[in-house]
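K.L.:
Each chain is listed here by its residues.
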Amino acid sequence: AQKVTQAQTEISVVEKEDVTLDCVYETRDTTYYLFWYKQPPSGELVFLIRRNSFDEQNEISGRYSWNFQKSTSSFNFTITASQVVDSAVYFCALRRTGANNLFFGTGTRLTVIP
Amino acid sequence: GAGVSQSPSNKVTEKGKDVELRCDPISGHTALYWYRQRLGQGLEFLIYFQGNSAPDKSGLPSDRFSAERTGESVSTLTIQRTQQEDSAVYLCASSLASGQGGNEQFFGPGTRLTVL
Numbered sequence: 001a002q003k004v005t006q007a008q009t010e011i012s013v014v015e016k017e018d019v020t021l022d023c024v025y026e027t028r029d030t031t032y033y034l035f036w037y038k039q040p041p042s043g044e045l046v047f048l049i050r051r052n053s054f055d056e057q058n059e060i061s062g063r064y065s066w067n068f069q070k071s072t073s074s075f076n077f078t079i080t081a082s083q084v085v086d087s088a089v090y091f092c093a094l095r096r097t098g099a100n101n102l103f104f105g106t107g108t109r110l111t112v113i114p
Numbered sequence: 001g002a003g004v005s006q007s008p009s010n011k012v013t014e015k016g017k018d019v020e021l022r023c024d025p026i027s028g029h030t031a032l033y034w035y036r037q038r039l040g041q042g043l044e045f046l047i048y049f050q051g052n053s054a055p056d057k058s059g060l061p062s063d064r065f066s067a068e069r070t071g072e073s074v075s076t077l078t079i080q081r082t083q084q085e086d087s088a089v090y091l092c093a094s095s096l097a098s099g100q101g102g103n104e105q106f107f108g109p110g111t112r113l114t115v116l
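Chains as they are written, first to last, in our numbering: chain A, 1 to 114; chain B, 1 to 116.
Everything labelled a hint here was simulated from the structure, so no lab data went into it.
Remember, predicted model here, so these are calculated numbers, not experimental data.
Positions of the beta carbon are idealized from the N, C-alpha and C atoms, including for glycine.
Among the hints, a few may not be true.
[What the hints assert, rightly or not] Residues of chain B clear of chain A, computed beta-carbon distances all greater than 12 Å:
| id | residue |
| --- | --- |
| 1 | E20 |
| 2 | E44 |
| 3 | D56 |
| 4 | G71 |
[Stated by the list, open to error] Computed list of lysine-lysine pairs in BS3-like fashion (alpha-carbon distance at most 30 Å, straight line):
| id | chain 1 | residue 1 | chain 2 | residue 2 |
| --- | --- | --- | --- | --- |
| 5 | B | K11 | B | K57 |
| 6 | A | K38 | B | K57 |
| 7 | A | K38 | B | K11 |
| 8 | B | K15 | B | K57 |
| 9 | B | K17 | A | K3 |
| 10 | A | K38 | A | K16 |
| 11 | B | K57 | B | K17 |
| 12 | A | K70 | A | K38 |
| 13 | A | K38 | A | K3 |
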C-alpha cells in the first residue's frame with residue numbers, strides 16, 4: 001500500500017524566513033516517482049517537481065530546494081527567503097511506476113506574513 | 001486553450017439530483033484523470049483514461065459515480081443521486097501518455113460541488 005504523510009498541517013513564517021515542508025512516504029515498490037504541487041488560493045494545482053526513486057540527488061531551483069532521502073523515505077521541500085506569494089497549500093505525492101494515479105498527502109498550508 | 005479547463009466552476013445542487021462535470025484537457029494529452037478533494041484533505045483518485053484503452057475506475061467510490069471520455073477529448077464526470085458527502089472540489093488533470101508514471105499531470109481549476 002502507498003501512503004504519503006505531511007505531518008505539518010499549517011505553518012506560518014515571516015517574510016524572508018526559510019521554511020521546510022516535510023513529506024514522508026511509504027511504499028513497497030522499489031521504483032516510484034515523487035512530486036510536489038503548489039495549490040494557491042485560486043485553487044489550481046501547480047506542478048513544482050518530479051523525482052525518480054533512483055535519483056537521490058538534491059535539487060535546487062531558485063529559492064526552492066528538495067532533499068530526497070531514500071533511507072528515511074523522506075522528500076522534504078525548502079523555500080529560502082520566503083515571499084508572500086509563496087502562501088499556498090503544498091502537496092507531496094507519490095506515483096508507483098506503471099500506476100495511473102498519484103497518492104497525495106493531506107497538504108501543508110503555508111502562510112507567509114509580510 | 002493553454003491549460004486544462006473545467007466547467008462549471010461552482011455547482012450547487014439538491015440532494016438526490018444528478019450532476020455532470022466537464023473537463024477539457026490540454027490538446028495532445030492522451031491521459032486524463034479525475035480527482036476529488038474534500039475540504040482540508042488531499043486529493044483522492046477517482047478515474048483515469050488513456051487513449052482508447054479501458055478506463056481505470058478503481059477509485060470511484062460508488063456506482064453513483066461514472067465518467068466518459070470520447071477519444072482524447074472532453075471528459076464528463078457524472079454523479080447520480082447526489083449525497084451531501086459528495087460535496088467537494090472535483091479536479092481534472094491531463095498528461096502525456098502515462099508511460100512509466102513519470103509524466104507530470106497538469107490540473108484544471110476544479111469544480112466546487114455543494115450538495116444541500
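K.L.:
Which of the numbered hints are not met once you compare them with the structure shown?
P.N.:
2, 3 and 9
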